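Participant: Here's the letter readout for the chains.
2 protein chains.
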Amino acid sequence: MPSTVAPLSRDPRVLFGRRVATLRKARGLSQEQLALESGLARSYLGGVERGQRNIALLNIVRLAEALECPPSELLKFSTERG
Amino acid sequence: MPSTVAPLSRDPRVLFGRRVATLRKARGLSQEQLALESGLARSYLGGVERGQRNIALLNIVRLAEALECPPSELLKFSTERG
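Heads up: the sequence lines are chains E and Z, in that order. Take 1 as the starting number for the first sequence in the UniProt record's numbering and just add one per residue. Take 1 as the starting number for the second sequence in the UniProt record's numbering and just add one per residue.
Please keep in mind that the hints were generated in silico from the structure rather than gathered at the bench.
Distance condition first, Cα-Cα at most 30 Å in a straight line; then the derived DSBU-like pairs of lysine-lysine:
id: 1; chain 1: E; residue 1: K76; chain 2: E; residue 2: K25
id: 2; chain 1: E; residue 1: K76; chain 2: Z; residue 2: K25
id: 3; chain 1: Z; residue 1: K76; chain 2: E; residue 2: K76
id: 4; chain 1: Z; residue 1: K76; chain 2: E; residue 2: K25
These numbers were taken from a predicted model, which means no experiment stands behind them.
Make a model of the complete structure from these sequences and hints.
Facilitator: Shown next as C-alpha cells:
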C-alpha cells in the first residue's frame with residue numbers, strides 16, 4: 001500500500017521547495033500569483049518547489065517578501081544528520 | 001565624529017555576511033577554520049562576509065552545519081521595507 005506521506009529527504013533544495021509550496025498554499029496563492037508577486041518566472045518557481053533549483057539569497061528574500069514572512073521562515077526545515 | 005556603529009543596510013548579501021561573521025566569531029572560529037569546516041574556499045567565505053556574494057542554498061546549509069546552527073539562524077536579519 002503506497003504511503004501518502006512524502007518521502008523523507010535531506011536535500012535542502014527539496015526541503016526548501018516543500019516549505020515554499022506549503023507557505024504559498026497557506027496564503028491561498030497559485031504558483032502564477034507568487035511568481036508575479038516575487039518577480040520570479042513561473043517556470044523557475046516551479047523548479048524551486050520541485051527541489052530542482054539551488055536558489056540564491058536574493059531570490060530567497062524576494063520569495064519571503066512576496067509571502068510576507070521573514071526570510072528565515074523559508075529555511076525552517078531540518079537538515080540534521082542522523 | 002565618526003560613528004562606530006556599522007551603517008544601516010538593506011542589502012540581504014550585506015546582512016547575511018554580517019550574520020555569518022557574528023556567528024563565526026561567537027564560536028571563536030577564524031575565517032580559515034570556518035572555510036575548512038564548511039568546505040568553502042576561504043576567499044569565497046571572505047566575499048560572503050563582505051556582502052559581495054549572492055550565496056546559494058546549498059552553501060548556506062554548509063555554513064550552518066559548520067556553525068552548528070539551523071540554516072534559518074543565518075537568515076535572521078530584517079529586510080523589511082520602510
